[in-house]
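Engineer: Taken in sequence, the protein lines are chains A and B. Using the working numbering, read the first sequence as starting at 1 and increasing by one per residue. Using the working numbering, read the second sequence as starting at 1 and increasing by one per residue.
No lab work stands behind these hints, which were simulated from the structure alone. Mixed in with the good hints there might be a few duds.
[Stated by the list, open to error] Derived, one-sided and incomplete: chain A residues facing chain B with beta-carbon distance under 7 Å:
1) L107
2) E111
3) C133
4) P139
5) S173
6) Q255
Glycine included, each C-beta is placed from N, C-alpha and C at the ideal position.
Protein chains: 2
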Amino acid sequence: MTDQSIYAYISGKKPIIEKALDHLLTPPPGNRAERVYQSMRYTVLNGGKRLRAILVMATAEALKHRATSVVKAACATEFVHACSLILDDLPSMDNATMRRGRPANHLEFGEATAVLAADALLMESLNLVSDNCTEVALPADLTARAVRALADAVGPEGMIGGQHVDLEIAGRSADFETLEYVCSHKTGALFTLCVQLGALLSRAREFEIQALENYAKNLGLAFQIRDDILDEVGDPDSLGKNVHQDAGRTTFATQFGIDAARKAVHDLCNVAVDSLQALPVKSAPLVALARYVSETEE
Amino acid sequence: MTDQSIYAYISGKKPIIEKALDHLLTPPPGNRAERVYQSMRYTVLNGGKRLRAILVMATAEALKHRATSVVKAACATEFVHACSLILDDLPSMDNATMRRGRPANHLEFGEATAVLAADALLMESLNLVSDNCTEVALPADLTARAVRALADAVGPEGMIGGQHVDLEIAGRSADFETLEYVCSHKTGALFTLCVQLGALLSRAREFEIQALENYAKNLGLAFQIRDDILDEVGDPDSLGKNVHQDAGRTTFATQFGIDAARKAVHDLCNVAVDSLQALPVKSAPLVALARYVSETEE
């Protein structure tokens, strides 16, 4: 798959995802918490790259299932991602003011509504996964496993653990192991969830799940290091968010330097691609997604 | 069931619940987010009445299932409850300083950790429900329904919606319908979840679920109004939390007066008990729990 065609692949999937996200975040008639829905919509429907949702869909396709059979699970991962953005930006966390060119959620809706919207997104993401399992008539054990995959990806052994340690190391140096923990939990856990959901809903075999998890773990780590590089050297206008916003934050880029961080991104994406060898048919979109993460402009 | 025996019933169940909660909140070996676990434990293991967990167990028993077969789901409802207490007390919400005789979670652990712990409790509650479904070999459709029951009870059509409107009406008068919305969503949704989980895991028939939901809806409403009465006239030392903490908050008690609120509690508990008539065998503990809510000392 060429650079050209991965962009075409992404452009083909995005409208499906955007339409589903918009539909799924329509407040039910007579709802009294409309402002909470507005707050959820504000962060979810804000022109993200949809890499996570596309990863769920590309995983299903790599396993010869239709991308449209996993749309709800794909949207669930975008909900979880949006939740993490809202929480990250809170005054008690990164205290960020801008996100994708607009005021952070808590500045637009107030902190109470932002926190409630973040939790509402988590709950709706579980509804989506559960509904998707029912739609594809998944057996009980795989349904329970999909729910657990989401809960674990977010929980204290996942994103929440990563965020906690990230805040803990702010303002001081951290060893390689700690930085890897933060990246693999803050970001990697959600990338891993994407392939797990795509795989479980497509009834993948265990060795396929394993290969996809290895791919996602390395891709997620690469993606987070890339994000930290952009935070150091990126252009705030094109990024649409604050850069250097956490002068005190310790990342691969601040700790080992930009060049070492760039090399790590490159190497991790190669390992991610190699992991796909274990699949019966190598998936061109999954390979191209790894190249895309590795080579995005700074 | 006499007053005496409902206390004995509660005393018999509590140690089972406390032991399970303690066990389920033990950080896995090598965990790096220990402070998040400490924060979760701080609020969960703080000597609550465990009414919600007991309601799950009493529901299973009313349907001739063993209380111990629903212990994980029972603990899940206590996790959700603890999450709601942490969020309620946040500076951006009720800004409370004391809870059950100790500093509020965010004062003990900081706001960032408190928010992460609250979310972690939600995620773990879903793991517990999912595990419990697997343990009792529940079919896929009922497993998905149990997950959805929890997600809906917390989400924008449940607790989150109730909390949002509660904050919205602070400092101004509210009509009966709005106050009922707040009580039934902030508290009633979780009581309803308790009987839903107990019933689904016991493979109850639809008419039984319906009867139990009616019971729980009324019981939850009564319980919240009771709580608001205690906030007005209760003794802070015996309650272990601030009273009059939200001078601006609008509740049944502030809006319609203490006497009208007391009468509402009494009537709602009677309706709750009447709802149980539809069950094949009337459950003495469920009846006694309603009396217990109705008659707790102020």
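Engineer: In ascending order, which of the hints set out earlier in this document are inconsistent with the structure?
Structural biologist: Going through the list in order, the structure violates hints 1, 5, 6 and respects the others.
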